[in-house]
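Given chain H, work out where chain F should sit, using these hints.
Here is what each chain is made of, one letter per residue.
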Amino acid sequence: MDWHILTGALFPQGCDVREEHQVLTGAGQAGAGMVAVVGTTGHVPIGVETALAQARFILQTVREHPGRPILILVDTQGQRLRHRDEMLGINSYMAHLGKCVELARRSGHRIVALVYDQALSGGFITSGLMADACYALPDATIRVMGLPAMARITKVPEERLTELALDNPVFAPGPENYLRMGGIQEIWRGDLAVALETALQRESSGDTRSALGLARGGRALADRVIAAIVAGEDVLAP
Amino acid sequence: MNSYLEATARERLQRLLDPGSFQEFLPPSSRVVSPHLGQLNAPVAFDDGVAVGRARLDGRLVFVAAQEGGFMGGAVGEVHGAKLVGMLRRAIHDRPDAVLLLLETGGVRLHEANAGLIAVSEVMRAVLDVRAAGIPVLALVGGANGCFGGMGIVARCTNAIVMSEEGRLAMSGPEVIETASGVEEFDARDRALVWRTTGGKHRYLLGDCQVLVADAINAFRAAALAQIDAVTDVALTLDAIEQEQALLTTRLERFGHVREPMELWRALGVTEPEALPLLEADAFVEQVAAWRLGAH
Chain H
1 MDWHILTGAL FPQGCDVREE HQVLTGAGQA GAGMVAVVGT TGHVPIGVET ALAQARFILQ
61 TVREHPGRPI LILVDTQGQR LRHRDEMLGI NSYMAHLGKC VELARRSGHR IVALVYDQAL
121 SGGFITSGLM ADACYALPDA TIRVMGLPAM ARITKVPEER LTELALDNPV FAPGPENYLR
181 MGGIQEIWRG DLAVALETAL QRESSGDTRS ALGLARGGRA LADRVIAAIV AGEDVLAP
Chain F
239 MNSYLEATAR ERLQRLLDPG SFQEFLPPSS RVVSPHLGQL NAPVAFDDGV AVGRARLDGR
299 LVFVAAQEGG FMGGAVGEVH GAKLVGMLRR AIHDRPDAVL LLLETGGVRL HEANAGLIAV
359 SEVMRAVLDV RAAGIPVLAL VGGANGCFGG MGIVARCTNA IVMSEEGRLA MSGPEVIETA
419 SGVEEFDARD RALVWRTTGG KHRYLLGDCQ VLVADAINAF RAAALAQIDA VTDVALTLDA
479 IEQEQALLTT RLERFGHVRE PMELWRALGV TEPEALPLLE ADAFVEQVAA WRLGAH
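Sequences listed follow chains H and F, in order. Each residue of the first sequence is one higher than the one before, counting from 1 in this note's numbering. Each residue of the second sequence is one higher than the one before, counting from 239 in this note's numbering.
The following block holds chain H by itself, in its conformation from the complex (with noise of 0.2 Å):
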């Protein structure tokens, strides 16, 4: 989806967003004040300016807007494969954008993403999955990568994993598989300004998305493993 007809319908009220190197940011009015807007856009591959660009603006955003909310706008094919970030330590620059959305949240900035188009891997653990909700358009596409690449690391034949893909939250792509293990607090049908007037209400009370993984049955073991271990039982609950 365009990111333009995206802000306007998120924003009816009106809002200021730039591209630059297809990094988003700039601010939106909601009812309840002003947002905080920053992503990517182009499915770009996030390398490290990308990561470094949407940091910067999150920190400012931090200082000289406290307690303004944020929201991410996620559309990115994952991090850029090349030998160059490598070198220079992209898994540092992704880890810094993180910490970023980490330090907004705990300065008492609410912080909702949203994929509006594609979400992969790296580039999403850092931005949309580091929301307090990530919330997903229904025609996004979310994944670890593509089946094909999948079937020559994992030695599993293309045909079964497609197979399972049909069923099986755990290899198909789409955000409906991405709520049911609780990673997607919620799939935006409809009014978008009111989903996110909404989100923005709810209260954020820690990462529950093991226990929304078990309640929608996409992940039957995670919540059981963890409460196992706090509560210092040898045996999971049935």
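Keep in mind that the hints were calculated from the coordinates and are not lab data. Glycine included, every Cβ here is placed at the ideal spot set by N, Cα and C. Honestly, I wouldn't trust all of these hints.
Stated by the list, open to error - Per label pair, the in silico range of CB-to-CB distance:
hint : chain 1 : residue 1 : chain 2 : residue 2 : range
1    : F       : Q261      : H       : P66       : 39 to 47 Å
2    : F       : D256      : H       : D191      : 54 to 62 Å
3    : F       : P266      : H       : I5        : 49 to 57 Å
4    : H       : M34       : F       : L243      : 51 to 59 Å
5    : H       : P157      : F       : E413      : 16 to 24 Å
6    : H       : T162      : F       : E512      : 46 to 54 Å
7    : H       : E19       : F       : D428      : 34 to 42 Å
8    : F       : G258      : H       : P138      : 51 to 59 Å
9    : H       : H65       : F       : E512      : 47 to 55 Å
10   : H       : D2        : F       : A484      : 33 to 41 Å
11   : F       : E512      : H       : E176      : 53 to 61 Å
12   : H       : E176      : F       : G297      : 49 to 57 Å
What the hints assert, rightly or not - A partial selection of chain H residues facing chain F, derived with a Cβ cut-off under 8 Å:
hint : residue
13   : R56
14   : Q79
15   : L81
16   : M94
17   : R106
18   : S121
19   : R143
20   : V156
21   : L164
22   : G183
23   : L221
24   : V225
25   : V235
Just chain F now, kept in the frame of chain H:
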């Protein structure tokens, strides 16, 4: 046998921690295995490739995790990730002196793709929660499989990283980059280039790892112990994050155009970069002290 590289995860725990002090959470006898591997006819492990628990390090209470590179390259699946998260959350209740993560992993376990990705994200959040609770988190990287993918990001969310020169820390593996962008972009078979790009010495020069040690379990033990007290900003602070922003910005300005790690070392001021790969860890640390970039 004292090599960290060659030891299994459980051997590392046995020799790094005070003898007999490791008490495992959800041990292999609990037989909690991956719910996803069976349908792919892949083997399962009763610990899902990671041991987590509490132990003593020179008498001090530590919580610890060790990933087993011998099982699916240490990759993070649903149960593996949940064990890490469970240990980290329990640490917040029990308040140990530190949390040690012995990382050896390729990142997300592709056999459990989507569940693995969310799991790594949960680990990342949990590490930052432990730090916010005032408990230092240290990463140890020295296994044969390195520390890659999302776990390479998690490592850089800890307070400090201890690496051996044989350890590797990065995001995408050389094979992945070669497959995606061609052999002229990154020749994964050029072991020296792989080492110069992802190895402990390069990370130490850039300031991405705080301590470089020889490939010896007792060296990792001593370094981990020293780091527990050396860590100053346990929780994230705006000051520290702004320093990191400045450091990473400067790094990009100075070296963004450089094509080859050895050129980068020369640009740092190292007079004989060709000699660096040959130096033992201690001699290397001494020699590069003047050029090494600030670590945070």
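>> Need the list of violated hint numbers for this structure, in ascending order.
In response: Every hint satisfied by this model.
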